[in-house]
Amino acid sequence: MKDIFLLQWQRLRRRPFMVLVMIAMTSMFVFFIGGANLGDDQLSIPVYFTDEVSETEQAELNEALKEMEGVSFYQEELEEMREAIVLGDVSFGLQLSNDHYTFVRSTENPYQSLVDNHLRSVYWEKLQMDRLTSEEEKAQVTAALENPPIVVDGQMGESEQAVFVYNNQLQALFGMTLFFAIYTIVFSLGEVAEEKQRGSWDRLILSPVRKWQVYLGHLLFAFFIGMLQISVVFLMFELFFDFTIGRNWPAVLLICACYTLAIVALGMLLTGLVKKSSQLSAVVPIISVSMAMLGGAYWPLEVVNSRVLLVIAEVIPVKHAMEALKGITMYGHGLTDLTQPLAVLLLMSVLCMGIGVNVMERR
Amino acid sequence: MLETTSLRKVYKKTTAVDDVNFYLKQGESVGLLGPNGAGKSTLISMISTLLKPTSGTVMWNGEDILKSPNNIRPILGVVPQEIALYKELSAYENVKFFGKIYGIRGKKLEARAQEVLELVGLANRQKEQVQKYSGGMQRRINIAVALLHEPEIIIMDEPTVGIDPQSRSYILDMVKQLKEEKGMTVLYTSHYMEEVERLCDRIYIMDHGKVIATGSKAELISILSSEETIQLGLDKPSKAFQEALTEHNDILKVTTNEKGLTLIISKDSRPLTAIFRMAEEHDVMVNGINITIPSLEDVFLHLTGRKLRD
Ligand SMILES: Nc1ncnc2c1ncn2[C@@H]1O[C@H](COP(=O)(O)OP(=O)(O)OP(=O)(O)O)[C@@H](O)[C@H]1O
Ligand SMILES: [Mg+2]
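These protein sequences, in sequence, are chains A and B. The numbering of the first sequence is this note's numbering, which starts it at 1 and goes up by one. The numbering of the second sequence is this note's numbering, which starts it at 1 and goes up by one.
One should not assume that every hint holds.
What the hints assert, rightly or not - Think about it this way: if two alpha-carbon atoms lie no more than 27 Å apart in a straight line, the pair counts; the simulated BS3-like pairs of lysine-lysine are:
#1 Lys100(B) x Lys2(A)
#2 Lys196(A) x Lys127(B)
#3 Lys67(B) x Lys196(A)
#4 Lys196(A) x Lys107(B)
#5 Lys132(B) x Lys276(A)
#6 Lys196(A) x Lys100(B)
#7 Lys276(A) x Lys13(B)
#8 Lys267(B) x Lys239(B)
#9 Lys211(A) x Lys52(B)
#10 Lys196(A) x Lys87(B)
#11 Lys2(A) x Lys108(B)
#12 Lys275(A) x Lys87(B)
#13 Lys2(A) x Lys12(B)
#14 Lys66(A) x Lys2(A)
#15 Lys275(A) x Lys52(B)
#16 Lys12(B) x Lys276(A)
#17 Lys211(A) x Lys100(B)
#18 Lys176(B) x Lys217(B)
#19 Lys87(B) x Lys276(A)
#20 Lys127(B) x Lys2(A)
#21 Lys67(B) x Lys52(B)
#22 Lys196(A) x Lys176(B)
#23 Lys211(A) x Lys108(B)
#24 Lys25(B) x Lys239(B)
#25 Lys12(B) x Lys196(A)
#26 Lys275(A) x Lys13(B)
#27 Lys87(B) x Lys211(A)
It is worth saying that the hints were derived from the structure and are not from the lab.
Just chain B, same shape as in the assembly (with noise of 0.2 Å):
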C-alpha cells in the first residue's frame, strides 16, 4: 500500500499541495480530480519520488520512500502530463531507449516492444517519427513507453487532455483492461469527471492543494443526496432576482453559469412557484427549466462553488 500523511508542498509564492492524506490499495483504481493548479501533478510527483515533500510523509509498504525511493522506482510506471517523447525519432525507437534503461535487451525487448505498442494500438505506424503522428497517438505512445517495464502501479497524469474522442476512449479502455486484466494498480488523474466516474473505485477531489472530498462515487454523490439542482435558463442576467432567490428559504445556493443560474434546493421542496414569481417580480423571461439528480460535477460545484473547468 502507498499512503501519504500530511504531505505538503509548499513554493515560494503558491502552496501546492496542502496536508493531504492519501492512500493507494494493491489493485484498485483511484482517480484525483482538479481544476488547472488544484496541485494534482505536484502530489503526483511526490509520490513518484520525483520531488521532495516540503513535509509530511510518503510511505510504501511501511517503508518511507524518501529514504528508499528505489524500492518504489521499479515497480512504477508514470505517465507525464507532457509527451515525454523525443519526437523525431520514431515511436519504435523511443519505445526501445527507454526498455533499454531498464535494462531490457535484446529478444526480450523486442517481444515487449511489440507487446506494448500493440496493447496502444499503434503497432502498425511504430516506425513513423513521433512528432508526426497525432496528438492522440502522441499521447498513447506516451503511455506505451510507462509500461515497458511491467510496473505494479501506473500513475497516469492527465493521459487524454486535449486529443479526439477516439483516442480518448481507445485510452479509457485501455487503462479499464490493464486493471481488470493485469491487476494493475491505477492512479488515473483528469480534469475530467466522466473518465474518473468510469474507471475509478474511489475518487479524490483537489482544490486549491487540498483534498476536498473523497470516496467512491457513490458516497460522493450522497453528499448532495439531500439537495437538487435546478438549471435556470434567462433571457438577461438580473442581480436583483439573483438576491431574491438567495433570500428564499428553499434555495441553499444561487450560482451564475452561462445560461443562466444554478440554484441547489434542498430535496423536498417545492420552490418552483416561488421561482417563477420572483421571475416575473423582476421581470426576467426563464425561457428553460432543467432540474437534474447530481453529479460529480455539481458535487465539485457544491464543494467549491466553481465549475470543474472554465
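One chain only, chain A, in its complex shape (with noise of 0.2 Å):
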C-alpha cells in the first residue's frame, strides 16, 4: 500500500500539470468573483428622491437607510444613476418618493431583496407616521415610541434571513476552492480506471500486494492530493490577499478532511459507475458543476428560493461543506454547531464508499 501511495506522488512529480492548473484556476476565478482585497468591500447604491420629497424627509430618510448594515446609499441624480446602472458600474439604484419606492435596475442582483426587505419596513414606519395629521398626535406617537410602556423583544430563530452574513469573499474563496478540488481528486482516482485498461492493475492484482491495499493506495493519495490543493489555495489567500479566514484553522481543515473524504468516495463511486476512464472526464463535469451549483458553491444558498432544489442540496457534499465553512468563518460558529454538517459528510463518505467498492468489484 505505501508503494503505491508513494509512486502515485513519484508520477505526479513528472506531471504535475494537472493540479497546477487546477490552482491557477481556482485563484483566476476567486478574484474574478471575490475580487482581490481592495479595501471598500460595501455595496453602494446610488438613491435619488423625487421633487416631492422635502428636505426634512430626505433627511429622515437616510437617517433610515443608514441602519441596513453592509449596504451604504449614496445620493445621484437619476441620469446618472440610470448611466452607471447601464454601464454595468452598480446593479440597481433607487428612486425614493414620498410614498412609494421604485428599483432601477438591469439584471438581478441578490442584494435587492435585501434592500426591498429594509424599504419596505422603513416605509411602514414612516407611512404610518404620515397619517397622523395634527402635531400633537405626533408628538405622542414619537415620545410613546422613544419611551414605549411595553417592550417586545422580537427574537427570530435561526431563520437564515435573520442573520444573512454576506461575505463575497471568502463565498468565492470556499466555493470555487471546493469546486475545483472535485477535479483534482477525482481524476486522480480515475487512475484506477486507467490501470485497469492499461493492464498494470492485473500486475498489481498478481502480487503479493492485496486488493485492498492497491485501493487504499489510491484512496489515500485522492485525499493527500485533494486537502493539498484545498490548503494551498487557502493559505495563499489568507497571506498574500488579506482575506480572513480567521483563526479557527484547526476547524476549517476538519472541514475540508471531511469534505475531500465524501469527494473521494464519490469519485470511487463514479470510477466504479464508468467503463472506460475516458467516460470519466465526460461526466466529471457534468457533476461537479451541477454539485457546486445546487451546493452553493456560485452562490449562496441563501439567495435560492425553490425548494425543490433546497432539499436537493441536502445530498450535496459541497453544500454541508460550505456551510460548515461559513458557520465557522462568518458566523462565528464553535466545534459543536459542525457536528451535523460533519457527520452528513461522513456519511455519505461511508455510503458512496461501500457502493463504490461494490460496483468497482462487480465488473
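Hints given; two lone chains; assemble the complex.
Rendered as C-alpha cells:
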C-alpha cells in the first residue's frame, strides 16, 4: 500500500500540470468573483429623491437607510444613476418618493431583495407616521416610541434571512476551492480505471500486494492531493491576498478533510460506474458543476427560493461543507455547531464508498 | 503441471473461450496461435487467475487455482498484451516499483533490476521515460517487469505485436534463452506462425474460442500430409472458373486471395493440365503458379478456411 501511495507522488512529480492548473483556475475565479481585497467591500447603492420629498424628509429617510448593515447609500441624479446602471458600475439604484419607492435596475442581484425588505419596513413606519395629521398626535407617538410602555423583544430563531451575512470574498474562495478540488480528486481516482485498462492493475493483483491495499493506496493519494490543493489555496489567499479565514484553522481543515473524504468516496463511485476512464472526463464536469450550483458554491444558497432545489442540496456534499465553512468563518460558530454537517459528510463518504467498491468489483 | 478442463468463458454476446482443454508441462514452451478475437487473451487471463471462468477448471499441480490463487500467483510472470507500465516514469523506476510490490528490497532489488534491464538490452537507457521509448523498447521493458521476481512460468500475450524486426528478433532470442538457460516454462501467444514455429515445442491453434488443432509443428503439418497447396496468380477474378475448379475431383478446396486462388489438392494427383484447360475455357490468364509444401499457415487455412491475419 505504501509503495502504491508513494508511486502516485512520484508520478505526480513527473506531470504536476493538472493540479497546478486547478490551483491556478481556482485563484483566477476567486479573483474574478470575490475580487482581491482592495479595501471597500461594502455595496454602495445610488439613491435619487423625487421632487416631492422635502429636505427634512430626505434627511429622515437617509437616517433610516443608514441603519442597514453592509450597504451604503449615496445620493445621485437620476440621469447619472441610469447611466451607471447601464454601464454596469452598479447593479441597481433607488428612486424614493414620499409614499413609495422604485427600483431602477438592469439585472438580478441577490442584494435587491435584502434592500427591498429594509425599505419596506422603513416605509411602513413612515407611512403610519404620515397618516397622523396633527402635530400633537405625532409628538405623542414619537414620545411613546422612544419610551414604550411594553417592550416586545422579537427574537427570531436561526432563520437564515435573519442572520444572513454575505461575505463575497469568502463565499467565492470557499466555493471555487471546493469546486475545483472535485476535479483533482476524482481525476486522480480515475487512475484506478486507467490502470485496469492499461493492464498494470493485473500486475498489481498478481503480486503479493492485496487488492484492498491497492485501493487504499489510491484512495489515500486522492485524499492527500485534494487536501493539499485546498490548503494551498486557502493559505495563499489568507497570507498574500488579505482574505480573513479567521483564527479557527483547525476547524477549517477538519471540515475540508471531511469534505475531501466525501468527494473521494464519490469519485470511487463514479469510477466504478464508468466503463472507461475517458468517460470519466465527460462525467466529472457535469457532476461537479451541478454539485457546485446546487450546493451553493457559485452563489449562496440563501438566495435560492425553490424548495425543490433546497431539498436536493441536502444530498450534495458541497452544501454541507460550504455551510460548515461559512459557519466557522462568518458566523463565528464553534466546533459543536459542526457536528451535524460533518456527520452528514461522513455518512455520505461511507455510503458512496461502500457502493463504489461494490460496483467496481462487480465488473 | 498446469491443466484446464472444459474451460469456458461466456460474455453477454460472445463465447470467448469454448470448452478448452489445455495443459502446460514444466520446462516446455507452448504456443497459442489464433487470429484476432480467437480468445487467446481470455484463456490466458483465466489461467493466470485474473478472470473467473464461466465453467470448467484450471488445476495447478492437482489443485484448483480458483480456490487457492495464491499458490500459483508468485510463480507466474505475466506479460500483458498492452504496455502495462507507468509511461511517465523511467524504465528503471518502473522496474523498481514492480520489484517492490513483490517484496524485493534494497541491494537485492537493485541487483535484480539491473539484471532484467540487462537481459532486455536496455540497461544503458534505463533512466529515460518509458513514453520516450520506441514501441519495441516499451515491449521489452514490459517483459522485463514480468521477470523480476524470477517466475517459473512466463506467460506472454502477443509480446511482439506491432514492433520493428530487430526488437522482434531480440525478443524471440530472449525467450528462447529464458527457456533453454533458465529452464522456464513458456506460454507464448501470437498471430505469427513463424514465431511459434521457432519457439515452441507444442502449439495450440484457436479460433472462435475453440482449440481447433494441437500438437507439435510436425504433427500439425501432418494434418496436411496428404495435401498440397497451389497458388494460382490470375489476371482477373472469375467466379465461373472458381466454380469449375471446385467441381474437379482432385481439387479439395478453393479459396480466393488477393492475387488469385489458393487450391488444396490431394497429394499425388496431377490436376495441372486440367487447371490450365479450364482457365482457357473461362478466358482467364494464369500469370503465376506456385506449388508449396504446407506450412502452419496452411494448416490454419485448411482448418478454418481463413487466413490467420487479414
Ligand atoms: N470483457 C469483455 N466483455 C465482452 N466481450 C469480451 C470481453 N473480453 C473479450 N471479449 C470478447 O471475447 C472474444 C475473445 O477476445 P480475446 O481478447 O480473448 O481475443 P484474442 O485472441 O486475445 O484477440 P487478439 O489477438 O485481438 O488479442 C472477442 O470476441 C472479444 O470481443
Ligand atoms: Mg489478445
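Hints, one by one, checked against the model:
{"no.": "1", "hint": "Lys100(B) x Lys2(A)", "in the structure": "10 Å, holds"}
{"no.": "2", "hint": "Lys196(A) x Lys127(B)", "in the structure": "26 Å, holds"}
{"no.": "3", "hint": "Lys67(B) x Lys196(A)", "in the structure": "23 Å, holds"}
{"no.": "4", "hint": "Lys196(A) x Lys107(B)", "in the structure": "31 Å, violated"}
{"no.": "5", "hint": "Lys132(B) x Lys276(A)", "in the structure": "25 Å, holds"}
{"no.": "6", "hint": "Lys196(A) x Lys100(B)", "in the structure": "20 Å, holds"}
{"no.": "7", "hint": "Lys276(A) x Lys13(B)", "in the structure": "19 Å, holds"}
{"no.": "8", "hint": "Lys267(B) x Lys239(B)", "in the structure": "25 Å, holds"}
{"no.": "9", "hint": "Lys211(A) x Lys52(B)", "in the structure": "16 Å, holds"}
{"no.": "10", "hint": "Lys196(A) x Lys87(B)", "in the structure": "15 Å, holds"}
{"no.": "11", "hint": "Lys2(A) x Lys108(B)", "in the structure": "19 Å, holds"}
{"no.": "12", "hint": "Lys275(A) x Lys87(B)", "in the structure": "22 Å, holds"}
{"no.": "13", "hint": "Lys2(A) x Lys12(B)", "in the structure": "38 Å, violated"}
{"no.": "14", "hint": "Lys66(A) x Lys2(A)", "in the structure": "61 Å, violated"}
{"no.": "15", "hint": "Lys275(A) x Lys52(B)", "in the structure": "19 Å, holds"}
{"no.": "16", "hint": "Lys12(B) x Lys276(A)", "in the structure": "18 Å, holds"}
{"no.": "17", "hint": "Lys211(A) x Lys100(B)", "in the structure": "16 Å, holds"}
{"no.": "18", "hint": "Lys176(B) x Lys217(B)", "in the structure": "16 Å, holds"}
{"no.": "19", "hint": "Lys87(B) x Lys276(A)", "in the structure": "19 Å, holds"}
{"no.": "20", "hint": "Lys127(B) x Lys2(A)", "in the structure": "23 Å, holds"}
{"no.": "21", "hint": "Lys67(B) x Lys52(B)", "in the structure": "11 Å, holds"}
{"no.": "22", "hint": "Lys196(A) x Lys176(B)", "in the structure": "30 Å, violated"}
{"no.": "23", "hint": "Lys211(A) x Lys108(B)", "in the structure": "25 Å, holds"}
{"no.": "24", "hint": "Lys25(B) x Lys239(B)", "in the structure": "48 Å, violated"}
{"no.": "25", "hint": "Lys12(B) x Lys196(A)", "in the structure": "20 Å, holds"}
{"no.": "26", "hint": "Lys275(A) x Lys13(B)", "in the structure": "17 Å, holds"}
{"no.": "27", "hint": "Lys87(B) x Lys211(A)", "in the structure": "22 Å, holds"}
Checked against the numbered hints above, the structure breaks hints 4, 13, 14, 22 and 24 and satisfies the rest.
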